[in-house]
Amino acid sequence: ETGVTQSPTHLIKTRGQQVTLRCSSQSGHNTVSWYQQALGQGPQFIFQYYREEENGRGNFPPRFSGLQFPNYSSELNVNALELDDSALYLCASSLAKGGTQYFGPGTRLLVL
Amino acid sequence: KNEVEQSPQNLTAQEGEFITINCSYSVGISALHWLQQHPGGGIVSLFMLSSGKKKHGRLIATINIQEKHSSLHITASHPRDSAVYICAVLDNTDKLIFGTGTRLQVFP
Numbered sequence: 001e002t003g004v005t006q007s008p009t010h011l012i013k014t015r016g017q018q019v020t021l022r023c024s025s026q027s028g029h030n031t032v033s034w035y036q037q038a039l040g041q042g043p044q045f046i047f048q049y050y051r052e053e054e055n056g057r058g059n060f061p062p063r064f065s066g067l068q069f070p071n072y073s074s075e076l077n078v079n080a081l082e083l084d085d086s087a088l089y090l091c092a093s094s095l096a097k098g099g100t101q102y103f104g105p106g107t108r109l110l111v112l
Numbered sequence: 001k002n003e004v005e006q007s008p009q010n011l012t013a014q015e016g017e018f019i020t021i022n023c024s025y026s027v028g029i030s031a032l033h034w035l036q037q038h039p040g041g042g043i044v045s046l047f048m049l050s051s052g053k054k055k056h057g058r059l060i061a062t063i064n065i066q067e068k069h070s071s072l073h074i075t076a077s078h079p080r081d082s083a084v085y086i087c088a089v090l091d092n093t094d095k096l097i098f099g100t101g102t103r104l105q106v107f108p
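First to last, the sequence lines map onto chains A and B. Sequential numbering of the first sequence, starting at 1, is according to the numbering used here. Sequential numbering of the second sequence, starting at 1, is according to the numbering used here.
Hints in this document: simulated from the structure, not taken from any laboratory.
Per the computed footprint, the stretches of chain A lying under chain B, defined by three or more beta-carbons under 8 Å from a beta-carbon of chain B, are:
| # | region |
| --- | --- |
| 1 | 42 to 48 |
| 2 | 53 to 61 |
| 3 | 88 to 97 |
Just so it is clear, CB atoms sit at the ideal spot from N, CA and C, and this is done for glycine as well.
Based on the provided sequences and hints, a complete structural model is requested.
As structure tokens, then:
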């Protein structure tokens, strides 16, 4: 148990829909990162938030957006879902920007 | 070419064997992580290191910064060690770049 929780655990959507995934960080952690892991691949960095500001972004289109709240919980929003967005979405929190990251269990998204 | 390469991609072993997983990277880093991912998807951080060697129980991780190479060793392997082991580097923009993982199966 890392103290990082994600919801929902599983989700099925259709192409074109929008989805919001949630992450609750470990207590005291001000940094959260989001990753997309396609089947059989390593995770890919989507973006990182530090104290409610975006602190770096990977090669993902603008339809992937995020928020970090004052309590450091976080959301990942994906608009106009595509079939290739089907993946495991992981969030990880850390005490500081370069610190050890503690991963949540992930949300498995299936886009039909 | 991926910025983080792991070998082997798949590994099978008999219980008790000594296991080595290798990781090479091509970018500047501030730290390197070894992670364990079980079939359910959850990821556990095993080590974060920026130099030398760390040991935790039967696990040992080493890094050679000059050669841009790290190894994860498992001594006296056990079936419960079966998982995907992922090497990830923290680049100089605090972004984690992952390898594709090594799938380890340890048979009794």
